[in-house]
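Visitor: The listed protein sequences correspond, in order, to chains U and Y.
Residue 20 in the working numbering sits at position 17 of the first sequence, and the numbers go up by one each step.
Residue 191 in the working numbering sits at position 76 of the second sequence, and the numbers go up by one each step.
In case anyone wonders, no lab produced these hints; they're calculated from the structure.
The C-beta atom is built at its ideal place from N, Cα and C for all residues, glycine as well.
One or more of the hints may lead you astray.
[Said to hold, decoys possible] With a cut-off of at most 27 Å between alpha-carbon atoms, the simulated DSS-like pairs for lysine-lysine come out as follows:
(1) U:Lys29 - Y:Lys172
(2) U:Lys59 - U:Lys73
(3) Y:Lys168 - U:Lys107
[Stated by the list, open to error] A short list of chain U residues far from chain Y (calculated; beta carbon distances all over 10 Å):
(4) Gly19
(5) Asn21
(6) Thr30
(7) Asn33
(8) Asn34
(9) Arg44
(10) Glu56
(11) Ser61
(12) Ser74
(13) Leu78
(14) Ala93
(15) Asp95
(16) Lys102
(17) Lys107
(18) Gly108
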Amino acid sequence: SQQGEEDPQALSIQEGENATMNCSYKTSINNLQWYRQNSGRGLVHLILIRSNEREKHSGRLRVTLDTSKKSSSLLITASRAADTASYFCATDSGGSNYKLTFGKGTLLTVNP
Amino acid sequence: DAGITQSPRHKVTETGTPVTLRCHQTENHRYMYWYRQDPGHGLRLIHYSYGVKDTDKGEVSDGYSVSRSKTEDFLLTLESATSSQTSVYFCAISEPGGRVYEQYFGPGTRLTVT
């Protein structure tokens, strides 16, 4: 069963606008990661936020984590057409097996 | 693609035939994973390995087996392919303790079972 659930399922914006995607999860986590997948390609790791962190930045990406609400958000600022992709959150619940549980993803379309 | 290759990249097979997919890495990472990706389901873990000859089941392991006889190779076998196993299969690797917990993905194998 899916641990993370992204919202919305699909998002369409214009170039230059900001895009916000949300992820909710059910059980306690060790860390939460965001991945991007371009059409027909494998997933690419974007950013990891640990359970004791509340916010993290990487370039145009900003991730927040609220463990009390079991939710995370990914903000992409000043979006570009090249940001068009599916975005997935993945949770790691700890333990020694280092398994990730992925959500179903948000399809982001950035129109030029 | 972080030194991960998958073969074949595309395969069409008939129901009831065995199929083996190969994942090869050049990173010497200890952990390797097999996922399937289907519309509406995202990525689901099939099996994973935490070392040579050390494997365990994931969320959707029925109908699949794996083997890892060398660090660099992780094989996924569909013992008797069914149409429900039509999917895109991704291999991933990680090395907790290095780039902790991040997984690096291969390009995927598109499998069609007719």
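Visitor: If any of the earlier hints don't hold here, list their numbers in rising order.
Guide: Numbers 3, 7, 8, 9, 14, 15, 16, 17 and 18, in rising order.
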